[in-house]
Amino acid sequence: MTAGVTAGTAARGPFALVAAPPLLWLLAFFLVPLAVIWGYSFGHNTSLVSIDVTGTWANYARALQPLYLGIIVKSFWFAALTTLACLILGFPVAVAITFASDRLKPWLLLAIMLPFWTNLLIRTYALMAVLRTEGYLNWLLAAFWNPLAHLAGGPAFVPLGLLHTDFAVVFGLVYVQLPFMVLPLYAALDRLDRSLLEASLDLGAGQLTTFARVVVPLALPGIVSGIVVTLIPSLGAYLTPDLLGGTSSLMIANVIERQFKSANDWPFGAALSFLLMYLTFAAILAQAMLARRHERRHAHG
Amino acid sequence: MPEPTRRGVLAGGVGLGLAACSTTRPLAVNGEEPRLNLYTWDTYTPPATLAAFERATGIKVKVSLYGNNDELFAKLRSGNPGFDVVVPSNEFVTRMRVSHMLEPLDHASIPNITNLLPAFRDAPFDPGRRYSLPYTWLVLGIGFRKSAVDGVPDSWKWLFDSDRYAGRIGLFAEADDLIRLGAKYLGHSVNHVTPAVTAQVEAMLIRQKPFVKVFHHDEGQDLLVSREIDLVVEYNGDIAQVMAEDPDLDFVVPREGTLLNSDSLCIPVGAPRRGNAHRFIDFMLDAHVGANVAAAIRYPTPNAAALALMPADYRDNHAIFPPADRMANSEYGDYEGMAHAQMVDEAVTRIFVA
Chain P
1 MTAGVTAGTA
11 ARGPFALVAA
21 PPLLWLLAFF
31 LVPLAVIWGY
41 SFGHNTSLVS
51 IDVTGTWANY
61 ARALQPLYLG
71 IIVKSFWFAA
81 LTTLACLILG
91 FPVAVAITFA
101 SDRLKPWLLL
111 AIMLPFWTNL
121 LIRTYALMAV
131 LRTEGYLNWL
141 LAAFWNPLAH
151 LAGGPAFVPL
161 GLLHTDFAVV
171 FGLVYVQLPF
181 MVLPLYAALD
191 RLDRSLLEAS
201 LDLGAGQLTT
211 FARVVVPLAL
221 PGIVSGIVVT
231 LIPSLGAYLT
241 PDLLGGTSSL
251 MIANVIERQF
261 KSANDWPFGA
271 ALSFLLMYLT
281 FAAILAQAML
291 ARRHERRHAH
301 G
Chain C
1001 MPEPTRRGVL
1011 AGGVGLGLAA
1021 CSTTRPLAVN
1031 GEEPRLNLYT
1041 WDTYTPPATL
1051 AAFERATGIK
1061 VKVSLYGNND
1071 ELFAKLRSGN
1081 PGFDVVVPSN
1091 EFVTRMRVSH
1101 MLEPLDHASI
1111 PNITNLLPAF
1121 RDAPFDPGRR
1131 YSLPYTWLVL
1141 GIGFRKSAVD
1151 GVPDSWKWLF
1161 DSDRYAGRIG
1171 LFAEADDLIR
1181 LGAKYLGHSV
1191 NHVTPAVTAQ
1201 VEAMLIRQKP
1211 FVKVFHHDEG
1221 QDLLVSREID
1231 LVVEYNGDIA
1241 QVMAEDPDLD
1251 FVVPREGTLL
1261 NSDSLCIPVG
1271 APRRGNAHRF
1281 IDFMLDAHVG
1291 ANVAAAIRYP
1301 TPNAAALALM
1311 PADYRDNHAI
1321 FPPADRMANS
1331 EYGDYEGMAH
1341 AQMVDEAVTR
1351 IFVA
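Here the protein sequences come in this chain order: P and C.
First residue of the first sequence: 1, per the working numbering; consecutive thereafter.
First residue of the second sequence: 1001, per the working numbering; consecutive thereafter.
Incorrect hints may appear among the rest.
[Said to hold, decoys possible] Some but not every residue of chain C turned toward chain P, in silico, with C-beta under 10 angstroms:
no. : residue
1   : Glu1071
2   : Leu1117
3   : Phe1120
4   : Asp1122
[Claimed, not checked] So the derived label-pair ranges between C-beta atoms look like this:
no. : chain 1 : residue 1 : chain 2 : residue 2 : range
5   : P       : Ser47     : C       : Asn1191   : 50 to 58 angstroms
6   : C       : His1100   : P       : Trp117    : 40 to 48 angstroms
7   : C       : Lys1060   : P       : Val32     : 17 to 25 angstroms
8   : P       : Ile284    : C       : Ala1339   : 33 to 41 angstroms
9   : P       : Leu148    : C       : Ala1052   : 32 to 40 angstroms
10  : P       : Trp139    : C       : Ala1295   : 33 to 41 angstroms
11  : P       : Ser47     : C       : Arg1255   : 35 to 43 angstroms
12  : P       : Thr46     : C       : Ala1052   : 41 to 49 angstroms
13  : P       : Trp25     : C       : Arg1130   : 28 to 36 angstroms
14  : P       : Val36     : C       : Ala1339   : 23 to 31 angstroms
15  : C       : Ser1189   : P       : Ala156    : 45 to 53 angstroms
16  : C       : Ser1226   : P       : Ala100    : 34 to 42 angstroms
[To be verified] Sample of chain P residues facing chain C (criterion: CB under 10 angstroms; computed from the structure):
no. : residue
17  : Asp52
18  : Arg132
19  : Gly135
20  : Leu201
21  : Leu290
22  : Ala291
23  : His294
24  : Arg296
Calculated directly from the structure, the hints in this document are not laboratory data.
The C-beta atom is built at its ideal place from N, Cα and C for all residues, glycine as well.
Please model the complete structure; the sequences and the hints are all you need to start from.
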């Protein structure tokens, strides 16, 4: 105990040295600007370019109208659907990477991270080329359908209207967010003690039971952090619904963007942003509580 | 490399990543180093023109792009990050002028002003042209695929109030333009649209929404070329550019009239190199330079001397220069104040949600 305290004191100097720059950075370039925007959310416009922070709640009152709450709820559904799809698609991928040979593993991880080398906007435009009426996907489907239809005497292929729909938005979000789900899942699964799986199988549990009662509970922290890092950015997406969405695919971030641009109403935009941020904090808090409960249960055996 | 690009996306919405512009460079306040930061629209300044300017003056131009006036305004709102020349549209010239974001121009150092058509030497949005000089003018109209529509769709009706072209229509997502054009179709002015008329336009567009494929962000010409839609609200120059590649495309200004714009060369307050900026503006108003720009971007030029140098396929192009009767009932949009902007924004949010 004493030794630990001494070691801690000794380490404090270098620790402070290492921690200070990032903390200052965080303060100057994240917390201070964030505080300014938070201040704006309690202000009102006095001219085109000036805001008086008066402590008014009017912006929050406006943000809590059914019109905007409805958009937040819809955004949440988009984000939840995206997260669910990422989880279903990402889990097998993470399992496959975990059990891949040591030689193959870095390559598979590299493949997961490869999309990050290309800008989000470029990837979204590429998706537009894939999904549009005369795009690659419809072209591919026609190439399979038409010869068969020709043989069977069926109707020719009618291109699917995929782009500019809610489907395209979720598809685009899944495409963008999938790596963020796979990586934490992989991190959790990779730490998993293989002997527990062998024990479970030896003791008569089937593959499915082992998966459901051993793998999933042990990977739970990874699943939860995967959900959080997928859900939150999806909730704030605006480029994807803008470019891939249809006439009703508006998400809350699109409304926020307009407040800072065409509507030029920064206080209201700030209030909407912070409303979204409060929700984000709630999600992180829930994750932290879940993780702690999980740890405690394990500590108690 | 993805860092600056990503920031550009966040800051610029649909604009390609160009945010890493001038902020980090040491700014010579009076020294006038041989460089210039131009902040303008995409596909609006031919690279050859900038190269010619550098050859003529030794001044190297660094271009940053914005996707719309709102982006320009938001970027300059809390101070000029180092731009020397910007190109806002008419009503934003007013907005920026009343917000003290523009420097007065020294007309004596811009002799090429005399090249401008008399009609463009003064403007209601900038009396006496003290803060802005015209670069182009433009109209919103209907770009369409000839083989996919019946005759010429020369009314806003086909876009705003009809199911004839269901699922093949693209409307402009700009809140202000959407409401202004809706009001125009309903027989009102594009200016001073009342709350009652706004509500009428809102109801009409909500009715029309099932037949609309997409609200686009000024990429209507690409949607038309890729056959995603067959009719789209767009600027004449954007459609004229793609008409040169695809003869099946055409452009018409509806008979109800439309919204006119004029993009103008301005010097923002705090521009580090005002001398260079004046030289650049003068250069852009030169007859031959103006003609080269017009030939490349295919927007109507306000420059009489440049126009005289242009071939007939530009001067007589009905997409670039709409017929006089359509121009006669078209109007410039005025800046209408903050309360109006909020009303319009909320109406458009309701349209998008419905």
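Hint check:
Hint status for glutamate 1071 of chain C relative to chain P: holds, with the closest Cβ pair at about 6 angstroms, below 10 angstroms. Interface restraint check: leucine 1117 of chain C against chain P, minimum CB-CB distance 30 angstroms, threshold 10 angstroms, status violated. Given the 10 angstroms rule on beta carbons, the hint for phenylalanine 1120 of chain C is violated: about 26 angstroms separates it from the nearest Cβ of chain P. Interface restraint check for aspartate 1122 of chain C: the shortest CB-CB distance to chain P comes to about 24 angstroms, outside 10 angstroms, so the restraint is violated.
Our hint of 50 to 58 angstroms for serine 47 of chain P and asparagine 1191 of chain C is violated, since their Cβ atoms are close to 21 angstroms apart. Distance hint for histidine 1100 of chain C and tryptophan 117 of chain P: a CB-CB separation of about 43 angstroms, consistent with the stated range 40 to 48 angstroms. Here the CB-CB span from lysine 1060 of chain C to valine 32 of chain P is close to 35 angstroms, at odds with the stated 17 to 25 angstroms. The hinted window of 33 to 41 angstroms between isoleucine 284 of chain P and alanine 1339 of chain C holds, with their beta carbons roughly 38 angstroms apart.
Between leucine 148 of chain P and alanine 1052 of chain C the C-beta distance comes to about 58 angstroms, which lies outside the given range of 32 to 40 angstroms. Our hint of 33 to 41 angstroms for tryptophan 139 of chain P and alanine 1295 of chain C holds, since their Cβ atoms are close to 35 angstroms apart. In this structure, serine 47 of chain P and arginine 1255 of chain C meet the distance hint of 35 to 43 angstroms, their C-beta atoms being roughly 39 angstroms apart. Between threonine 46 of chain P and alanine 1052 of chain C, the C-beta spacing of about 45 angstroms keeps the proposed range 41 to 49 angstroms intact.
For the pair tryptophan 25 of chain P and arginine 1130 of chain C, the supplied restraint of 28 to 36 angstroms is violated, since their beta-carbon distance comes to about 44 angstroms. Distance hint for valine 36 of chain P and alanine 1339 of chain C: a CB-CB separation of about 25 angstroms, consistent with the stated range 23 to 31 angstroms. Roughly 49 angstroms separates the CB atoms of serine 1189 of chain C and alanine 156 of chain P, a value that falls within the hinted 45 to 53 angstroms. Checked against the given bound of 34 to 42 angstroms, the beta carbons of serine 1226 of chain C and alanine 100 of chain P, roughly 40 angstroms apart, stay inside it.
Below 10 angstroms, beta-carbon pairs count as interface contacts, and aspartate 52 of chain P has none with chain C, the closest being about 13 angstroms; its hint is therefore violated. For arginine 132 of chain P, the interface hint holds, the least distance from its beta-carbon to any beta-carbon of chain C being 5 angstroms, beneath 10 angstroms. Because the closest C-beta pair between glycine 135 of chain P and chain C is about 8 angstroms apart, less than 10 angstroms, the hint holds. Because the beta carbon of leucine 201 of chain P sits about 44 angstroms from the nearest beta carbon in chain C, more than 10 angstroms, this interface hint is broken.
The beta carbon of leucine 290 of chain P comes no nearer than 30 angstroms to any beta carbon in chain C, farther than 10 angstroms, and the hint placing it at the interface is violated. A hinted interface residue such as alanine 291 of chain P counts as satisfied when its beta carbon comes closer than 10 angstroms to some beta carbon of chain C; here the least separation is about 29 angstroms, so the hint is violated. Contact between histidine 294 of chain P and chain C, as hinted, is not supported at the beta carbon level, the nearest pair being about 34 angstroms apart and thus beyond 10 angstroms. Annotation: arginine 296 of chain P was flagged as interfacial toward chain C, and the flag is violated, the nearest CB pair being 39 angstroms apart, outside 10 angstroms.
Checked against the numbered hints given earlier, the structure breaks hints 2, 3, 4, 5, 7, 9, 13, 17, 20, 21, 22, 23, 24 and satisfies all the rest.
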